[in-house]
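*Asks:* Here the protein sequences line up with chains Y and C, keeping their order.
Just so we're aligned: 402 in the numbering used here is position 402 of the first sequence, and the numbers increase by one with no gaps anywhere.
Just so we're aligned: 413 in the numbering used here is position 413 of the second sequence, and the numbers increase by one with no gaps anywhere.
The hints are simulated quantities; they were obtained by calculation from the structure and are not laboratory data.
There may be inaccurate statements among the hints.
[Stated by the list, open to error] Just a few of them, taken from the derived set where beta-carbon distance is under 10 Å, the chain C residues facing chain Y:
{"id": "1", "residue": "Asp43"}
{"id": "2", "residue": "Gly58"}
{"id": "3", "residue": "Arg69"}
{"id": "4", "residue": "Val114"}
{"id": "5", "residue": "Ser224"}
[As the list claims (entries may be wrong)] Over 12 Å on every C-beta distance to chain C, these chain Y residues come out as not near it, computed from the model:
{"id": "6", "residue": "Leu81"}
{"id": "7", "residue": "Gly100"}
{"id": "8", "residue": "Gly393"}
We treat Cβ as the ideally placed atom computed from N, Cα and C, and that holds for glycine.
Number of protein chains: 2
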Amino acid sequence: MRLASLLLALAIALPAHAQQATTTIPQSALDEVPALRERALADRTGWKVVESLTTEVGPRMAGSEADARAVEWAKAKFRQLGYDKVWTEPVSFPVWVRRGERAEVLGAHAQPLVVTALGNSPGGTVEGEVVRFPDLAALNAEPDGSPAGTIAFVDYRMQRYRDGHDYGVAGGGGIRGKGPSAAIRKGAIGFLMRSAGTDMSRAPHTGATDFDNGLKPIPSAALSTIDAEQLARLVVLDPHTRVRLALDCGMGGEYTSQNVIGEITGRGPHKDEVVLMGGHLDSWDPGTGAIDDAAGVGISMAAGALLKPLHPQRTIRVVAFANEERGLFGGKAYAAAHSGDIAKHQVVSESDFGAGRIYSFNTNAPASAKTAVAQIAEALKPLGIEVIEGEGGPESDVGAISQLGATWASLSHDGTRYFDYHHTAEDTLDKIDTKDLAQNVAAYAVFAWLAAQADGNFGSAPKAAGAAKN
Amino acid sequence: MRLASLLLALAIALPAHAQQATTTIPQSALDEVPALRERALADRTGWKVVESLTTEVGPRMAGSEADARAVEWAKAKFRQLGYDKVWTEPVSFPVWVRRGERAEVLGAHAQPLVVTALGNSPGGTVEGEVVRFPDLAALNAEPDGSPAGTIAFVDYRMQRYRDGHDYGVAGGGGIRGKGPSAAIRKGAIGFLMRSAGTDMSRAPHTGATDFDNGLKPIPSAALSTIDAEQLARLVVLDPHTRVRLALDCGMGGEYTSQNVIGEITGRGPHKDEVVLMGGHLDSWDPGTGAIDDAAGVGISMAAGALLKPLHPQRTIRVVAFANEERGLFGGKAYAAAHSGDIAKHQVVSESDFGAGRIYSFNTNAPASAKTAVAQIAEALKPLGIEVIEGEGGPESDVGAISQLGATWASLSHDGTRYFDYHHTAEDTLDKIDTKDLAQNVAAYAVFAWLAAQADGNFGSAPKAAGAAKN
Numbered sequence: 001m002r003l004a005s006l007l008l009a010l011a012i013a014l015p016a017h018a019q020q021a022t023t024t025i026p027q028s029a030l031d032e033v034p035a036l037r038e039r040a041l042a043d044r045t046g047w048k049v050v051e052s053l054t055t056e057v058g059p060r061m062a063g064s065e066a067d068a069r070a071v072e073w074a075k076a077k078f079r080q081l082g083y084d085k086v087w088t089e090p091v092s093f094p095v096w097v098r099r100g101e102r103a104e105v106l107g108a109h110a111q112p113l114v115v116t117a118l119g120n121s122p123g124g125t126v127e128g129e130v131v132r133f134p135d136l137a138a139l140n141a142e143p144d145g146s147p148a149g150t151i152a153f154v155d156y157r158m159q160r161y162r163d164g165h166d167y168g169v170a171g172g173g174g175i176r177g178k179g180p181s182a183a184i185r186k187g188a189i190g191f192l193m194r195s196a197g198t199d200m201s202r203a204p205h206t207g208a209t210d211f212d213n214g215l216k217p218i219p220s221a222a223l224s225t226i227d228a229e230q231l232a233r234l235v236v237l238d239p240h241t242r243v244r245l246a247l248d249c250g251m252g253g254e255y256t257s258q259n260v261i262g263e264i265t266g267r268g269p270h271k272d273e274v275v276l277m278g279g280h281l282d283s284w285d286p287g288t289g290a291i292d293d294a295a296g297v298g299i300s301m302a303a304g305a306l307l308k309p310l311h312p313q314r315t316i317r318v319v320a321f322a323n324e325e326r327g328l329f330g331g332k333a334y335a336a337a338h339s340g341d342i343a344k345h346q347v348v349s350e351s352d353f354g355a356g357r358i359y360s361f362n363t364n365a366p367a368s369a370k371t372a373v374a375q376i377a378e379a380l381k382p383l384g385i386e387v388i389e390g391e392g393g394p395e396s397d398v399g400a401i402s403q404l405g406a407t408w409a410s411l412s413h414d415g416t417r418y419f420d421y422h423h424t425a426e427d428t429l430d431k432i433d434t435k436d437l438a439q440n441v442a443a444y445a446v447f448a449w450l451a452a453q454a455d456g457n458f459g460s461a462p463k464a465a466g467a468a469k470n
Numbered sequence: 001m002r003l004a005s006l007l008l009a010l011a012i013a014l015p016a017h018a019q020q021a022t023t024t025i026p027q028s029a030l031d032e033v034p035a036l037r038e039r040a041l042a043d044r045t046g047w048k049v050v051e052s053l054t055t056e057v058g059p060r061m062a063g064s065e066a067d068a069r070a071v072e073w074a075k076a077k078f079r080q081l082g083y084d085k086v087w088t089e090p091v092s093f094p095v096w097v098r099r100g101e102r103a104e105v106l107g108a109h110a111q112p113l114v115v116t117a118l119g120n121s122p123g124g125t126v127e128g129e130v131v132r133f134p135d136l137a138a139l140n141a142e143p144d145g146s147p148a149g150t151i152a153f154v155d156y157r158m159q160r161y162r163d164g165h166d167y168g169v170a171g172g173g174g175i176r177g178k179g180p181s182a183a184i185r186k187g188a189i190g191f192l193m194r195s196a197g198t199d200m201s202r203a204p205h206t207g208a209t210d211f212d213n214g215l216k217p218i219p220s221a222a223l224s225t226i227d228a229e230q231l232a233r234l235v236v237l238d239p240h241t242r243v244r245l246a247l248d249c250g251m252g253g254e255y256t257s258q259n260v261i262g263e264i265t266g267r268g269p270h271k272d273e274v275v276l277m278g279g280h281l282d283s284w285d286p287g288t289g290a291i292d293d294a295a296g297v298g299i300s301m302a303a304g305a306l307l308k309p310l311h312p313q314r315t316i317r318v319v320a321f322a323n324e325e326r327g328l329f330g331g332k333a334y335a336a337a338h339s340g341d342i343a344k345h346q347v348v349s350e351s352d353f354g355a356g357r358i359y360s361f362n363t364n365a366p367a368s369a370k371t372a373v374a375q376i377a378e379a380l381k382p383l384g385i386e387v388i389e390g391e392g393g394p395e396s397d398v399g400a401i402s403q404l405g406a407t408w409a410s411l412s413h414d415g416t417r418y419f420d421y422h423h424t425a426e427d428t429l430d431k432i433d434t435k436d437l438a439q440n441v442a443a444y445a446v447f448a449w450l451a452a453q454a455d456g457n458f459g460s461a462p463k464a465a466g467a468a469k470n
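Just chain Y, with the same shape it has in the complex (with noise of 0.2 Å):
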């Protein structure tokens, strides 16, 4: 009885062609592997992209004056790159403005403290008592109205992994997001947090904040983890230990940026049919947006200008989203713009965890491309790169159309250093190593062109509504 459910649960789950023929990479596409892997590692094209963004254009936060430029920058970028055919589609979103922030503790050890405040945040001066907290489940667990006209302080120590899964505790699933509406049900006036970092250093982590529906937000900010800890040690000298907080921020109106759109056209039967790989071309304001993301941006720019003189049967869709940071609006456009084209998506994939080398590869492509996934996974072998079941997932700004029925890949990235820089002035050029970005760029071309020589598909299909897919 269990297994009949099991096995109707998967018959449900996959999409219909997964029991049709078996998708396979022709042998004269694999014999381009190496030439074409070889000439990856080799190229400077996807360093030169990024250096050019982060320094021409510099921080481009979704709604500022930077994120036109960026997207001029793209358009040019995508041409000068020779791609064949270079659009733009609209993405509209609310604007969020910093301008200032300033954190203090007073009294008898008064001294400033670092902070940057999340985004989302309502702008405003509170002052009041430190409540310390070591995680969210503590905070939640405060009796309601406890900490009333308080200062909660969430003290979280982020912990490095490769995979950065972490995050899910401190960022934008976890405190970042969660905790400011936590506080606000508990009576609080302000919401400190240390970073979502793995660093020890003066450089807070921004990122975006959520406030629940019918809370009246409240000032927002996240210390730098030395800060996280000063305050800390400040906590325990004197547990009346007060702070002003003081922010210069909110919502701005609304902004309609762009998804900048390259092609590399295809020249098959399928050539209507295209792999998309892509970036995001907004990035928080502190620092220069290297590894987040102007690296993706880099890599799948240059990966699929690599492919042009290769001829590709399918057509090479690079996308620079417009503003990941605040809300997957680029993504979430995207995948508006296209939900009639879910079938013609042959893979989608996107490169939003910095630059560090890959390490494995993954899809949600059904059993019936299993033949061509392995190929793929074989021809990325000399790249370091394995399959690891269970890693990586549609990325970023490809969720959303994932969830309308097309294919994933990823491409894990090695994620070890990447939150120690992560929504911070030191996410900056310097933090990018130009031969992991090379093997990067050729991850991509690798992966890129095999899918785009295919015989047959890798299972895209429009999903019915509440369809379960991984």
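Could you slot chain C onto chain Y? The hints should help.
*Replies:* This is chain C only, laid out in the frame that chain Y set:
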């Protein structure tokens, strides 16, 4: 003839009693050393003092509200550590205040640059083309008036050495100190420099500059090393790159702070003579002044406290100097107040180069003390310390009294990482290694103990005005 001149010079340079009886350290004092060394290595006092000062007072810029709190802290800490006598001596100086600082690239590549105003810089907003010079010599070589109306940018990359000697090129005695005046002479309206630091980070290095008499000061600031590299790239892209530099800072009246002095009173016939150790109590404002110079305060306070139960013959005097950072005011005031007591200073020393392991011992004691100096060196050897010819000198605040004839000793810290953090927001408690700090305390305790117990002096004697002493 040349040899005769040399001998004559030597005879003048050496104080009169250099030809006197040999100074030695009695065996009973040497016998105490192993136990003292081990006690110091196991002692946590140095660390606790550094933690207390950096946490409870935090940043303590000379003349700020925190300056006064630091003085009270030091008095209380000396008493708490069991010092027999605690007093203060006034130190007056002009105050310099930092309120804010901003720099931004204008035009097609508009973006903020992270800067810190140099101490003593005037406030003001200037806007102009950036002219980059690889070093101070290049700026000095420019024809007068040639960069008129521009912002001079000296982009020297300071190199990393154990003894930190490249700070001589980049720091107060080099680009930071002399660059602004050189720029003014050439007609520049603003001065920017790559930080005098060996890090690669967004934390700029502040520090005092000086303006030569008769020149009208211009806004002067240091870019973080990463921002300097960004600006260098932008200047290559567009030689007409314009920058706006807006500093809100400037001189702010007179202030009287205090040198805070604690003594372990000697018990022998030489109890009126003092062995002086110290550090400086003030710090720059971006960090909490852990390596610069809570470390020196902690090391000397802890070393003195360790000697109390040994009942030293001479008095152990520990000085927490006021306002070292903006012009050695504490050291100069100390020298002026004690100029009549030069011979009573057995030897003077200061720890103002962080908390890296001490690797070298040196002194300008005359030949008559060479036996005692060799005995001290021998006692320091188990701590990994050797005598390296030409290393060290009278550090910071003991320079002034050394100039008056007091014999100096120096225990040189390994400064390999010192200029990664020096004068930045990253100069915080976490940069101090507890084991290294304990080694520092052990070295100072052993040195001060043996100097206090010596039979005979180390050659301190009032110097005829203008006489040379190295």
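*Asks:* Sort out which numbered hints this structure fails and list those numbers smallest first.
*Replies:* 1 and 7
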